[in-house]
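Engineer: Hey, can you work out the whole structure from these sequences and the hints?
Protein chains in written order, with this note's numbering: chain V, 116 to 671; chain B, 75 to 749.
It is worth saying that the hints were derived from the structure and are not from the lab. Where a beta carbon is used, it is the ideal one built from N, C-alpha and C, also for glycine. Treat the hints with caution; some may be incorrect.
Unchecked claim - On the chain V side, residues computed to face chain B include the following (Cβ under 8 Å):
{"#": "1", "residue": "Ile126"}
{"#": "2", "residue": "Ile127"}
{"#": "3", "residue": "Gln128"}
{"#": "4", "residue": "Asp130"}
{"#": "5", "residue": "Ser140"}
{"#": "6", "residue": "Ser141"}
{"#": "7", "residue": "Phe142"}
{"#": "8", "residue": "Asp144"}
{"#": "9", "residue": "Ile156"}
{"#": "10", "residue": "Lys157"}
{"#": "11", "residue": "Pro159"}
{"#": "12", "residue": "His161"}
{"#": "13", "residue": "Tyr195"}
{"#": "14", "residue": "His421"}
{"#": "15", "residue": "Val646"}
{"#": "16", "residue": "Ile667"}
To be verified - From the derived model, a few chain V residues whose C-beta atoms are all more than 10 Å from chain B:
{"#": "17", "residue": "Pro198"}
{"#": "18", "residue": "Gly213"}
{"#": "19", "residue": "Tyr276"}
{"#": "20", "residue": "Lys350"}
{"#": "21", "residue": "Lys572"}
{"#": "22", "residue": "Leu577"}
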Amino acid sequence: MENNTYDRPLIIQSDNTMLLEVHSSSFNDARNDIIPFSELIKSPEHIHTFTITPISLWNAASAGFTADTIIARLSYWSKYPVPDNVKFTVNDIISRFGSIILYPVDDEPDLFFLYISEHKIFQEIMHRKAIMEYLTIHKDGFFLNAYNRGTVKLLLIKLGYPVDDRIPLKTGDPIELSLRDTTISGYPFILRDYQDEAKDAILGDGNPGTGYGTIVLPCGSGKTIVGINVIHALKTKTLILTTNVAAVHQWINELIDKTTLTKDDIGEYSGDRKVIRDITVCTYQILTWRKDKVSDFPHFSIFKDHNWGLVIYDEVHMLPAPVFKVTAEIQSMHRVGLTATLVREDNREDEVFSLVGPKRYDIPWRELEQKGWIAEAHCFEIRIPLDESLDIDYAIGSKREKFRIASENPLKKPVIKQLINNHKDEFILIIGQYLSQLNELAKSLEIPVITGSTPNKKRDELFNSFRAGKQKILIVSKVANFAIDLPDASVAIQISGTFGSRQEEAQRLGRVLRPKKQGSHFYSLVTRYSVEEEFASNRQKFLTEQGYKYHIEMWD
Amino acid sequence: MADYTTWTDALYSLDDDSFLSIMRNYLGPIKTPFNKQGLIKQLTTFLSQDKIREKILSLINEQERSVLNAIYFLKSPSVDDIYQFFGKNIQFYIIQQTIINLEERLLVLQNSDRSLMINILFLSDLLGSHIHISHIIYLQEEITESSEALPPTTMLDQPLFISFLSLFTGNYIRTTNEGNLKRSTLRILDDIFTQTDSERVISMTHLTIRSFLHCGIISSQNGILSCDTAFTDELLSTHSWSQIFFKYLVGCFTQVYRSVTEQNLYSFLYELLSILLQIGPLQPSSLHRFWLILSSHHGIPLQEMHEPLNILLNLGILNYCGNTYKLNFHLASVLDDNDDEKKENCVIDSDYTITSNRNFTLRSSKFLYACTRIRHIDAHYQFEITKNSAVQAFDSGYSSEQIIELLHTISSTQIPHNIIQTISQWKLEYDSLQIYSGIIIAADTHRSRIIEKHPALQDHMIRRFTEGVYLFKSDTEAIWREILSQSGFDVIPKTKNSIGQVMISKSSAEPYIRPNTKAHVQFSAEVIGSHIPEAPYDESLKKEMTDILMKMPIPKRSAEELEARIDKGLILVKEQLVSTHLHPTVQEAHGFDFQGKLNLCKQAMESSKDLLELHLKSFPDDEKVILIRPTELKKQGNEIILIGLEVPENHQFEKSLRKIFLLRKLKSSLYTPLS
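Structural biologist: This is the structure:
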């Protein structure tokens, strides 16, 4: 449409990145138009940066977008002419989606047909030995065995060709469950609009090509509820994979709290217990356990030995590499990946796309915050001088030693005390990296500490006590990084960080993002003029990329 | 009254033979002794008649017209210059013949320095009809559909200039000993220039290095190129962008045109770009000619323009699209030297990035190059404030307050609080350690008192560490030593283990002398206006004269000679058709006429004005024509070898006379060559 009276806030660059001006009157509309086919890279105050990648384009294509639509949207919002190479990229990449379609073969349940629409792609595949070992040539395509489905999809996406999987998903054993109107804990239970939207995005119209995918939602926004919503919609035997035992327990608790399922209906499959039920929650850790490096993974059989209808991969960005292998073999069931960010440190986003499914739904953190679904977080970095007694040790230490010395700076203790005092009546989590530091602090401040070696029972007791308000401050180690539900934590004090990934920072912030009446506070204590400051600077960038303002304060 | 001095001077400069030949041709038989002045007057009167002038003009064919235009537009061209002008697409001997013919027809004269010029007698008639830029610049090449050039992806503009400054300030541009860019530098450039292909980026970088070295913005030491920030700051403070642009450009061109002064280069480039902006797209051959025209007027040698053209292409100043060259339209504002206050529109985000479109002001430029690092050049420019870039700014003397103040000035949005805090934090860190360069003096109590109290020494003292220990400037060592010496310090030791180097004081940016950019080549509107004239070539006069000649009862040889003259356009009225005192204008021998060839060679060797036109046949249909200046005839067995220098390249030529199909003796010019 020709309309020159609107503001064009988009700047499209030749390297497929796009800058979007936040203060433009058209910002929201433009953003909504481009998000289906792009990835948000960073979102500080004034200019958000997006990128167009093959994965983002294929995600869009799987949602029904054409190249023309995408280019039209880009042209509509772009301040300058869309670079020719960007148009070319969009056309080229989009055209690949749908050029390879996987179909069932009539009366041959163990055989699938890979239809190739373009002869040049056919030729290219023919010349790839690694793929051809799984394929048999036929006119217009190839036959393959059902159990190689995931492997072939993976190999093809590595080649740059996504497969449009039209094999109907199997249903799995049915189960009975309903969502409660009031939770066991006594609160009304109403699904939020985005939680319903996310579920609908996964399930689609039920036709082939739907029923699997990834949901990207901020920490604290209720991804677990989305998973439960999908289970409820499908009412099928479900396997839930998550990051650790605490997260397993959280899932179980949430299922019991929000649905008509009982404790006996839900199995825990972890280092502690090996119980399989119609709904079973399992850790990645147990799945990837094996006696030694050359042995098989004995627990992979959990996938194949039961008629699951749905697999939920919680924190799918953390999906360990070995699990991809078995994921490749279970392509016939509904699959949902849940995560706060799709970015992986090992760059296996394409494998997540291929084997779990394309991104079906996401929403920016700030939007949920504005709607009140996650708490408003105030972020602070407090810079503390290094204790003089450690000056020489720091100066002569290796980089690793320097980091540790800076992290365990004793001068952080009075700061922690002050912060606790400032937030006297609030629920506080103190998170750290080094056990010695945490234990010493726990002893000194007489606050309980939860680490990896804390028995699960003791851990659950402390968490319950925290939830109940009996214990308002907890010191936690890395265990707190992962899926843990502490609804009333409003202050997080990070006293030492790891060399850590961006996800870890998101996870830590997520600990205080559950909706609450007052805002949340996130403090990061950093030793001034040290290497810890450099890492903090990166963490700071991550938060600002998500749109959070950062206040830096000096402690003298 | 027009000044016809050049006309009369040219005639006077002819030798008697040539002079009389001209006069006889136009005025008929000449009685001797003759009065040159009188004859010139007569000839002038003859040529001043309207009918005669019309006839002269009607006989100018297309090729002659092109040559006349070349002579007019080039400044004081030689025959060789004309040959160069046509890109060597017309053979030299044809150019030579055409010019001689034009001289004989008095359309072209020679100056005292033997450069060619249009005869002032005919100039006003020729202007706007036969002489017009369209006759040589917009020729008959096809303009393809895509002659509308696309805007370049990257061009030399203020943001690009600042980005390069930023890279040099941060020491990111490094070269090997051979002068190639190091791999680390190439990687950095790849990351930054996502919009432009690598080869072009490398070319631009090399050009920038060349130019910056020339201008004094950077210096090179052991492959490390460092920016003189004080000098650069002053440059940005005292020069407009237009001035900096041309300074940069001149710096790029000095290596190509080594013998040309900077002033001439400046005015040439300004003229070139200004007129190109007006003219519009040009085909390659037209651009070549236009370039040569301007070069001739600005003292630029008429040499191969491949390299200078590539400079303009690589810098995005000129684009090549379809089959035309077009100037980047952004140049308009540069050429206007319009430094109106642009609205600052940098966006500073909390992740330390500064995003800006191409509307930089010099104020933001100074800040950006000194205090940030360029990260990305594409539709917008993105810089980043890093710790290193902040430290460099502090090193250059910026305080955190000044940096923050500059941020406020250039930003169109509020500065994120964390940035202000971080910059202040970095400055505190920076100030916590001070490093000086100088010479330490340790003195006893007595000497200390003098050092501390002496007023003249205070200017040279950087710091007093404690009583008896002082840091003095190393670059003024000679001065304070002298002061000490005159203050009773009779015995002053040498500096122990001196590492101080004599600091060469860098002169600040040269005072800017505005080039004479307004002295455009003054072509009249008639010759460069948009109206394209018609200048038809009319052979009817020749036919008329031929018909008359055919009816005349004259000897055959005379008739042949007169016919040749008619064909060469030398006969304007029937009165010129006289058969007496005809000197053959064409002397040739061919085939088996060995003696004829020999005689012509000998005659040519005796005259400084004569050339030989040789027609060489290797195959029945393959004929090559060259011009030589004969120097020797050598007997080799039964053969006579003609030796000479091929014109204009001055290549040595040797050939047996027997093998020369046709040999003609020609004048190189009516005019006697300068010795």
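Engineer: Could you run down the list of hints and mark each one as holding or not?
Structural biologist: Going down the list of hints, with the structure as the test:
For the restraint placing isoleucine 126 of chain V at the interface with chain B, the shortest Cβ-Cβ distance is roughly 5 Å, inside the 8 Å limit, so the hint holds. Annotation: isoleucine 127 of chain V was flagged as interfacial toward chain B, and the flag holds, the nearest CB pair being 7 Å apart, inside 8 Å. At about 4 Å, the closest approach between the beta carbon of glutamine 128 of chain V and any beta carbon in chain B falls short of 8 Å, and the interface hint on this residue holds. Hint on aspartate 130 of chain V holds. Least Cβ distance to chain B is approximately 4 Å, under the 8 Å limit.
With a cut of 8 Å, the hint placing serine 140 of chain V at the interface with chain B is violated, because the nearest CB-to-CB distance is about 15 Å. This hint is violated: serine 141 of chain V has a C-beta 16 Å from the nearest C-beta of chain B, more than the 8 Å allowed. Interface hint at phenylalanine 142 of chain V: violated, since its Cβ lies 13 Å from the closest Cβ of chain B, which is beyond the 8 Å cut-off. With 8 Å as the threshold, the beta carbon of aspartate 144 of chain V stays out of range of chain B, its nearest partner Cβ sitting at about 20 Å, so the hint is violated.
Look at isoleucine 156 of chain V: its Cβ only gets to about 10 Å from chain B, farther than 8 Å, so that hint breaks. Satisfaction of the interface hint for lysine 157 of chain V is found here, the shortest Cβ-Cβ separation to chain B being roughly 6 Å, below the 8 Å cut-off. At its closest, the beta carbon of proline 159 of chain V sits 4 Å from a beta carbon of chain B; the interface hint therefore holds under the 8 Å criterion. The restraint placing histidine 161 of chain V at the interface with chain B holds, with a minimum CB-CB distance near 5 Å, inside the 8 Å limit.
With its C-beta approaching chain B no nearer than about 5 Å, tyrosine 195 of chain V sits inside the 8 Å limit, and its interface hint holds. A cut of 8 Å between beta carbons decides the hint on histidine 421 of chain V: the least distance to chain B is about 47 Å, and the hint is violated. Annotation: valine 646 of chain V was flagged as interfacial toward chain B, and the flag is violated, the nearest CB pair being 13 Å apart, outside 8 Å. A cut of 8 Å between beta carbons decides the hint on isoleucine 667 of chain V: the least distance to chain B is about 4 Å, and the hint holds.
Distance check for proline 198 of chain V against chain B: the nearest CB is about 7 Å away, which does not clear 10 Å, and the non-interface claim fails. Listed as a non-interface residue, glycine 213 of chain V keeps its Cβ farther than 10 Å from every Cβ of chain B; the least gap is roughly 29 Å. Listed as outside the interface, tyrosine 276 of chain V is consistent with that label: its C-beta sits roughly 25 Å from the nearest C-beta of chain B, beyond the 10 Å cut-off. Annotated as non-interface, lysine 350 of chain V keeps its C-beta farther than 10 Å from every C-beta of chain B; the closest such distance is 45 Å.
Under the 10 Å C-beta cut-off, the non-interface status given to lysine 572 of chain V relative to chain B holds; the minimum distance is some 43 Å. Listed as a non-interface residue, leucine 577 of chain V keeps its Cβ farther than 10 Å from every Cβ of chain B; the least gap is roughly 35 Å.
Consistency with the previously given hints fails for numbers 5, 6, 7, 8, 9, 14, 15 and 17, ordered from lowest to highest.
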